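Residue numbers (the working numbering), protein chains in the order written: chain A, 47 to 354; chain B, -11 to 254.
Do not rely on the hints blindly, as some may be mistaken.
Simulated restraints on C-beta separations [said to hold, decoys possible]:
| no. | chain 1 | residue 1 | chain 2 | residue 2 | range |
| --- | --- | --- | --- | --- | --- |
| 1 | A | Pro134 | B | Phe161 | 56 to 64 Å |
| 2 | B | Ala107 | A | Glu214 | 41 to 49 Å |
| 3 | B | Gly199 | A | Glu109 | 30 to 38 Å |
| 4 | B | Gly228 | A | Glu314 | 49 to 57 Å |
| 5 | A | Glu294 | B | Val73 | 47 to 55 Å |
| 6 | A | Ala156 | B | Thr20 | 27 to 35 Å |
| 7 | A | Glu109 | B | Leu0 | 43 to 51 Å |
| 8 | A | Thr207 | B | Pro32 | 24 to 32 Å |
| 9 | A | Pro134 | B | Gly28 | 28 to 36 Å |
| 10 | B | Gly28 | A | Glu214 | 50 to 58 Å |
| 11 | A | Leu130 | B | Leu74 | 30 to 38 Å |
In silico negatives: residues of chain A with every beta carbon more than 10 Å from chain B [unchecked claim]:
| no. | residue |
| --- | --- |
| 12 | Ser123 |
| 13 | Val150 |
| 14 | Thr157 |
| 15 | Cys164 |
| 16 | Glu198 |
| 17 | Leu209 |
| 18 | Glu214 |
| 19 | Glu233 |
| 20 | Glu234 |
| 21 | Glu248 |
| 22 | Ala249 |
| 23 | Gly262 |
| 24 | Thr278 |
| 25 | Asp301 |
| 26 | Asp310 |
In silico contact screen, one side only, chain A against chain B (beta carbon under 8 Å); selected entries [what the hints assert, rightly or not]:
| no. | residue |
| --- | --- |
| 27 | Pro188 |
| 28 | Arg191 |
| 29 | Leu230 |
Since the hints were derived computationally from the structure, they do not count as laboratory data.
Please read all numbers here as calculations on a predicted model, not as lab measurements.
Each residue gets a CB set at the ideal place from its N, CA and C atoms; glycine is no exception.
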Amino acid sequence: MLLSRLLRSLFSLLLVLLLSVGYIATPTGAQEENNTFVGELVVFAAASLTDAYEAIAEAFEQEYPAVSVLFNFGGSSMLATQLLQGAPADVFASANVRQMDVVVEGERIATEPEIFACNRLVLIVPVDNPAEIESLDDLANPGIRLILAAPEVPVRVYTDTMLSLMAEDPAYGAGYQIAVLENLVSEEPNVRQVSAKVALGEADAGIVYLSDVKPGIADDVIALPIPDEFNTIATYPIAVVDDASQPELAQRFVDFVLSDAGQDILVEWGFISIRESDRSAKEESEPETTPDAVPEPTPEPEASGSAK
Amino acid sequence: MLRRSLLALIALVGMLFLSVPIAVLALRTFETRAWENLQGSVVPDAICLSFITTALTVVVTLVFGTPLAYILARWRFPGRRIINVLVELPIVLPPAVAGLALLLSLGRRGLFGPLLESADIILPFSMAAVVIAQTFVSAPFYVRAAQVGFQGVPRDIEDAARVDGAGGIPLFFLVTVPLAARTLGAGIVLTWARALGEFGATILFAGSLQGRTQTMPLLIYNILERDIDAAVTTGLLLVGLALVALLISQWLSHRPDDADPISGAY
């Protein structure tokens, strides 16, 4: 992994050299300008973003050939703790606003956090469904081996909200929440550990994000929908970290995530794009929103000009 | 002279590197009086669970590790060296690999999963899984030490006991074990300390749930982001226990008269 990144950055360096010698036919202005960014960009990102962000990094590195993006994926709460303890990073992408706020309050964030994607909760069971779980109702059946993420991990916070919403619903009642939590056999450090263990068939059920039912495990699990009235939509904020080694490059990455290209990749990996939620929100309430509410599709050249 | 002081300086850096982080952990705990802010039963539960599971690990290791070590020390048979390496492999195995191997063999979908399930045994996420994970990674420390211990018992003494009519199990427990006792003790203390700190294999194979599978190291990882006081206190407690274990182990394996087992025993 590290080696392939190293090779890739070596390769891109070579490319840059060739470009600067004029070996390849005149590059466009934007490309030339992107080549002024050299080095590593460290991104701390929620575990649920793993696949989408790796794909985004690949696309980003194609636009910025001399840059290599390095990731630290983990539960957002763990990442927030690491940042508060001074871990060096350029960008932080959290799976909920709460953990972003923690880092903002710890004065490690340089820019206003922006929501870049949404996600929904989904109930997953192994494909052979050993506990015969057909819906949320069955989660309260005695003896089920349910795994959730640890408290404070965003997906668990959303799940707890879901359970308390259900407890308020007379169709389920307070007893439901208690019975479900009785079935809990493990609290995993991040959401990807939950999906992995359900996919392995070791647990009977788990609650993860829709985007976690990625191609790698899609054949091993069945995803059961969680009704909208209980399903809190997860919102993912992103921001540049205060002592980013290359703040401008970090901002470029944030912009890229918000751009059409970045949003397309997120949608591809099962996230809900903020473009869609913005659009639907606009259609519903305020049809004449200012254009800056929508992320700018190609902010690169202009943004850098004004920043300098 | 210059060379000596340079050597000492480098050694000092090494010593500081190894000891300062732990000293800082201790300082931070005492400075903030972290233990006073502990809430709920998470920390006591984890301490209890750690003691119960490591005690079981020690028992399982003694029961199965002792014959293994004895055979490896005394019998000569083809493949002995390979078995030796296999038995010690978990010491250097990355813990996450150990956990994965356990899942693939003893998990519900693992090789022995169907067999275990037909006997109504589901290991993952159970306390038994914690003990299995701990034993898997820590038993080799005892087996290795016990092997050395048994090799150190002179055959002459055992033969002499046989002449006097001893034999079989009494010979082993009344003559061989007492003669190797110090080494066996040092080994079992190391095994216990390693089991106490076990994290990677446990979280993969046994998961993490308060009171059932959440031992002290798992609690630290789980609670760090919510309650750093609880994490720090538990951490320092683990350091203290590990320190005591190491001291006992060192004291047992280095005694002046240890070199001469005969004078030590008679």
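Each hint, compared with the structure:
no.: 1; hint: A:Pro134 <-> B:Phe161: 56 to 64 Å; verdict: holds, 58 Å
no.: 2; hint: B:Ala107 <-> A:Glu214: 41 to 49 Å; verdict: holds, 42 Å
no.: 3; hint: B:Gly199 <-> A:Glu109: 30 to 38 Å; verdict: violated, 51 Å
no.: 4; hint: B:Gly228 <-> A:Glu314: 49 to 57 Å; verdict: holds, 51 Å
no.: 5; hint: A:Glu294 <-> B:Val73: 47 to 55 Å; verdict: holds, 54 Å
no.: 6; hint: A:Ala156 <-> B:Thr20: 27 to 35 Å; verdict: holds, 29 Å
no.: 7; hint: A:Glu109 <-> B:Leu0: 43 to 51 Å; verdict: holds, 49 Å
no.: 8; hint: A:Thr207 <-> B:Pro32: 24 to 32 Å; verdict: holds, 29 Å
no.: 9; hint: A:Pro134 <-> B:Gly28: 28 to 36 Å; verdict: holds, 34 Å
no.: 10; hint: B:Gly28 <-> A:Glu214: 50 to 58 Å; verdict: violated, 25 Å
no.: 11; hint: A:Leu130 <-> B:Leu74: 30 to 38 Å; verdict: violated, 44 Å
no.: 12; hint: Ser123; verdict: violated, 4 Å
no.: 13; hint: Val150; verdict: holds, 16 Å
no.: 14; hint: Thr157; verdict: holds, 23 Å
no.: 15; hint: Cys164; verdict: holds, 23 Å
no.: 16; hint: Glu198; verdict: violated, 5 Å
no.: 17; hint: Leu209; verdict: holds, 17 Å
no.: 18; hint: Glu214; verdict: holds, 25 Å
no.: 19; hint: Glu233; verdict: violated, 5 Å
no.: 20; hint: Glu234; verdict: violated, 7 Å
no.: 21; hint: Glu248; verdict: violated, 5 Å
no.: 22; hint: Ala249; verdict: violated, 7 Å
no.: 23; hint: Gly262; verdict: holds, 16 Å
no.: 24; hint: Thr278; verdict: holds, 20 Å
no.: 25; hint: Asp301; verdict: holds, 29 Å
no.: 26; hint: Asp310; verdict: holds, 32 Å
no.: 27; hint: Pro188; verdict: violated, 15 Å
no.: 28; hint: Arg191; verdict: holds, 6 Å
no.: 29; hint: Leu230; verdict: holds, 6 Å
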